[in-house]
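Novice: Single-letter residue listing:
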Amino acid sequence: MNRIFKPESFLKGVWQENPIFFLMLGLCPLLAVSSSLRDAIGMGAAFIFVLTGSNMTVSFIRKLVPEHVRIPVFIIVIATFVTVTDYSLAAFSPQLHKSLGVYLPLMVVNCILLGRAEAFASKNNVINSAFDGLGMGIGFTLAISIIAIIRETLGQGTLMGINVLGKDYVPFLIMIMPPGAFLVIGFLMALKNNIGGKKKC
Amino acid sequence: MKRKDIVTGILVLLLIASISGFLLAQTFRVAKPRIEKQMKIEEEKLNREIFPEGNDFRADNFKGIKCTSVYDGQDAFIGRIFNLTAPGYGGNILVKAGIDSESRITGIRILEHKETPGLGSRITEASFLDQFRNRDSSTLFLKKDSPRGNIDAITGATISSRAVTDSVRKLQEQINDTDGETP
Amino acid sequence: MLNELNIGYIFLSAFIVNNIVMIKFLGLCSFVGISTNMKSSIGMGIAVVFVTVMACGISWAVYNYLLIPFHLEYLRTVTFILTIASFVQFEEIIIRKKAPALYKAFGIYLPLITTNCVILASAFLGIDYKFNFLQNIIFAIGVSSGYCLAIILFASMREKLDTAPLPESFRGIPIAFIMTGLVSLVFLGFKGLFKL
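If you're matching them up, the sequences are chains A, B and C in order. With this note's numbering, letter number 106 in the first sequence gets 106, and the count goes up by one each step, no holes. With this note's numbering, letter number 125 in the second sequence gets 326, and the count goes up by one each step, no holes. With this note's numbering, letter number 139 in the third sequence gets 523, and the count goes up by one each step, no holes.
None of these hints come from the bench; they were simulated from the model. Careful: at least some of the hints might be erroneous.
Stated by the list, open to error - When the alpha-carbon atoms are kept at most 20 Å apart in a straight line, the in silico DMTMM-like pairs for lysine to aspartate or glutamate are as follows:
1) A:Lys63 / B:Asp206
2) B:Lys344 / B:Glu313
3) B:Lys205 / A:Glu118
4) B:Lys371 / B:Asp301
5) B:Lys246 / B:Asp261
6) A:Lys98 / B:Glu243
7) C:Lys423 / C:Asp512
8) C:Lys575 / B:Asp261
9) A:Lys98 / B:Glu313
10) A:Lys98 / B:Glu245
11) C:Lys423 / C:Asp546
12) B:Lys264 / B:Glu303
13) C:Lys514 / B:Asp367
14) B:Lys267 / B:Glu244
15) A:Lys98 / C:Glu457
16) A:Lys123 / A:Glu8
17) B:Lys315 / B:Asp301
18) A:Lys98 / C:Asp512
19) B:Lys203 / A:Glu17
20) A:Lys98 / B:Glu244
21) A:Lys192 / C:Glu552
22) B:Lys315 / B:Asp367
23) A:Lys63 / A:Glu118
24) B:Lys246 / B:Glu313
25) A:Lys123 / A:Asp168
26) A:Lys98 / B:Asp257
27) B:Lys267 / B:Asp257
28) B:Lys297 / B:Glu326
29) A:Lys123 / A:Glu17
30) A:Lys167 / B:Glu326
31) B:Lys238 / B:Asp276
32) B:Lys315 / C:Glu457
33) B:Lys267 / B:Asp206
34) B:Lys233 / C:Glu457
35) B:Lys315 / B:Asp257
36) B:Lys246 / B:Glu303
37) B:Lys238 / C:Glu543
38) A:Lys98 / B:Glu237
39) B:Lys233 / B:Glu243
40) B:Lys233 / C:Glu552
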């Protein structure tokens, strides 16, 4: 606890404690906006920003906030960051804003955000919290991108809107529809269990 | 819980809430004009795609229907752009259609839809929408709906294709029905 | 245009056609966490219906009578989540005092509900669709019963799955997701029946 910066606070979020595959948190946006890689990366970037920002703020004010009001305070901090992101996206990238739709403001109730604020940022210094947010955010982005790559290539034969499987490919449409998302994450989890051994999460 | 704890709790909450409110108000103040500008640019771009000859686009009202009147470089009236709602397969489809003064379609775009991805969602593709260009808006039919049909439906998405086609034709019928007044 | 919508349509559309879990992917965290057990699923389901309907009514009123007249639309997210959080607390206290039996049945799920996205989502969507108050309430009932349906459906399936012979890697969550996918396929078949 003495060192100001511990690299593991950054690295653990990317794989060891990947919020999606190991902690099973924040699944809603993961499935909803993973039908195209472009949307997935947009969501990931927004998520990294909100998580890092809220983690830093929570950590910064952690000594000021009395124990019994900390949850509402964290919620306000998170909601503020989410709204700022919402408006900035609407102003600078209306296209992306439109395709993320209601899932962007719904980040407020994403369990990763409140979970990290409560479990990590409220107990650690600002720098570590920032890196924790960054790591978790990147872990989330990685997970969402993997799912989006699978769904977009199989479902549309494209990647970032560019055709990759050739003209003759008949799209496996179900992949970009809701059931595809559930199937992909189901198989990915099984794969993770298989290669990662039976780790208790 | 002691009274002092309650008071500090309320004070901290109030403080945080007002900081948050202030920050959001500032963000909104900065972002709002930009959002409106973006929407305007987007709208202008769309109008030009739909009506390539148009130069000036003005909000207007034609026989009780909201529309955009289009004027060319010499400020002469050349047509109108209408926003339509078509009942699609998964919900309403918002269509923007340009009709010139001889009731020919100059262009058509889909603004919003909830059609099935990969099937109905292909109504937004150029290969479907380009079929409408230069056709008389009162004679639009799907080929499978009428012997004088002129629009190919998208495979597996007849309902979506029909919704778009019919909505444009019905608009023209509605305009013709109201009265014979020339635009 | 939406004002002409039949409330029956709104309900069925929210309940089945656009089922919040199967089609809109919301409420998944609690869905995966709780649907292992039939009894807790029913408790959670009923609690969510109750809170969603009340919270949607309140946030609709807050949005239309407080935020819009004062041009404070940008506070939407903050106010809604706070409204829901404080309402859940308030409700917990009331139920504990007035109906201890009810509190015993689903009181323990109440604190979990604040971060259930179903509630916030249905509050947001009701505003986005520009519903009037009655439509908004019907919509909230539809959305939350849809969640209830999904979670109870799954609890009964997962209880059976526990005894099924499965490859080791698929046990637990992976197979639950794959089954959700298959059931979601069924729900997709309703698309086009009721439009919203």
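Novice: Are the hints correct? Go through all of them and say.
Specialist: Checked hints:
With a C-alpha separation of about 15 Å, the suggested pairing of Lys63 of chain A with Asp206 of chain B holds against the 20 Å cut-off. At roughly 24 Å between alpha-carbon atoms, Lys344 of chain B and Glu313 of chain B are farther apart than 20 Å, so this suggested pair is violated. With a CA separation close to 24 Å, the supplied pair Lys205 of chain B and Glu118 of chain A exceeds the 20 Å bound. With a C-alpha separation of about 16 Å, the suggested pair Lys371 of chain B and Asp301 of chain B falls inside the 20 Å cut-off, and the hint holds.
Simply put, Lys246 of chain B and Asp261 of chain B have alpha-carbon atoms about 18 Å apart, close enough for the 20 Å limit, and the pair holds. About 13 Å separates the Cα atoms of Lys98 of chain A and Glu243 of chain B, which keeps this hinted pair within 20 Å; it holds. Under the criterion of a C-alpha separation no larger than 20 Å, the hint pairing Lys423 of chain C with Asp512 of chain C is inconsistent with the structure, at around 34 Å. Proximity of Lys575 of chain C to Asp261 of chain B is assessed by CA-CA distance (about 36 Å); at most 20 Å being required, the pair is judged violated.
The straight-line distance between the Cα atoms of Lys98 of chain A and Glu313 of chain B is roughly 10 Å, inside the 20 Å bound, and the hint therefore holds. As the CA atoms of Lys98 of chain A and Glu245 of chain B are separated by approximately 18 Å, the hinted pair is consistent with the 20 Å bound. At roughly 16 Å between alpha-carbon atoms, Lys423 of chain C and Asp546 of chain C fall within 20 Å of each other, so this suggested pair holds. Between Lys264 of chain B and Glu303 of chain B the CA atoms are separated by roughly 17 Å; this keeps the pair inside 20 Å, and the hint holds.
Distance check on the hinted pair: Lys514 of chain C and Asp367 of chain B sit about 26 Å apart at the alpha-carbon level, beyond 20 Å; violated. Distance check on the hinted pair: Lys267 of chain B and Glu244 of chain B sit about 15 Å apart at the alpha-carbon level, within 20 Å; holds. Restraint check for Lys98 of chain A and Glu457 of chain C: satisfied, since their Cα atoms lie roughly 18 Å apart, inside the 20 Å limit. Our distance criterion of 20 Å between C-alpha atoms is met by Lys123 of chain A and Glu8 of chain A, whose separation comes to about 16 Å.
Taking the CA atoms of Lys315 of chain B and Asp301 of chain B, the gap is about 29 Å. The hint is violated against a cut of 20 Å. With a CA separation close to 13 Å, the supplied pair Lys98 of chain A and Asp512 of chain C stays within the 20 Å bound. At roughly 39 Å between alpha-carbon atoms, Lys203 of chain B and Glu17 of chain A are farther apart than 20 Å, so this suggested pair is violated. At roughly 15 Å between alpha-carbon atoms, Lys98 of chain A and Glu244 of chain B fall within 20 Å of each other, so this suggested pair holds.
With a C-alpha separation of about 12 Å, the suggested pair Lys192 of chain A and Glu552 of chain C falls inside the 20 Å cut-off, and the hint holds. Of the pairs offered as hints, the one joining Lys315 of chain B and Asp367 of chain B holds, with about 18 Å between alpha carbons and a cut-off of 20 Å not exceeded. At roughly 13 Å between alpha-carbon atoms, Lys63 of chain A and Glu118 of chain A fall within 20 Å of each other, so this suggested pair holds. For the hint linking Lys246 of chain B to Glu313 of chain B, the alpha-carbon distance of about 16 Å falls within 20 Å, and the restraint holds.
With a C-alpha separation of about 55 Å, the suggested pairing of Lys123 of chain A with Asp168 of chain A is violated against the 20 Å cut-off. Our distance criterion of 20 Å between C-alpha atoms is broken by Lys98 of chain A and Asp257 of chain B, whose separation comes to about 27 Å. About 17 Å separates the Cα atoms of Lys267 of chain B and Asp257 of chain B, which keeps this hinted pair within 20 Å; it holds. For the hint pairing Lys297 of chain B with Glu326 of chain B, the CA-to-CA distance comes to about 14 Å; that is within 20 Å, so the pair holds.
With a CA separation close to 18 Å, the supplied pair Lys123 of chain A and Glu17 of chain A stays within the 20 Å bound. The hinted pair formed by Lys167 of chain A and Glu326 of chain B meets the criterion: a straight-line CA distance of about 16 Å does not exceed 20 Å. Note on Lys238 of chain B and Asp276 of chain B: the hinted pairing is violated, with a Cα-Cα distance of about 24 Å set against a maximum of 20 Å. For the given pair, Lys315 of chain B sits about 26 Å from Glu457 of chain C by alpha-carbon distance, which is inconsistent with the 20 Å threshold.
Distance restraint check for Lys267 of chain B and Asp206 of chain B: the Cα-Cα separation of roughly 59 Å exceeds the 20 Å cut-off, and the hinted pair is therefore not satisfied. The suggested pairing of Lys233 of chain B with Glu457 of chain C holds, with an alpha-carbon distance near 11 Å, which does not exceed 20 Å. Pair hint Lys315 of chain B plus Asp257 of chain B does not hold up; C-alpha atoms about 31 Å apart against a cutoff of 20 Å. Distance check on the hinted pair: Lys246 of chain B and Glu303 of chain B sit about 23 Å apart at the alpha-carbon level, beyond 20 Å; violated.
Between Lys238 of chain B and Glu543 of chain C, the direct Cα distance comes to roughly 55 Å. Violation of the 20 Å bound is thereby established for this hinted pair. Taking the CA atoms of Lys98 of chain A and Glu237 of chain B, the gap is about 14 Å. The hint holds against a cut of 20 Å. At most 20 Å may separate the alpha-carbon atoms for a hinted pair to count; Lys233 of chain B and Glu243 of chain B meet this at roughly 15 Å. A C-alpha spacing of about 53 Å is found between Lys233 of chain B and Glu552 of chain C, which places the hinted pair above 20 Å, so the restraint is violated.
In this structure, the hints that do not hold are numbers 2, 3, 7, 8, 13, 17, 19, 25, 26, 31, 32, 33, 35, 36, 37 and 40, in rising order.
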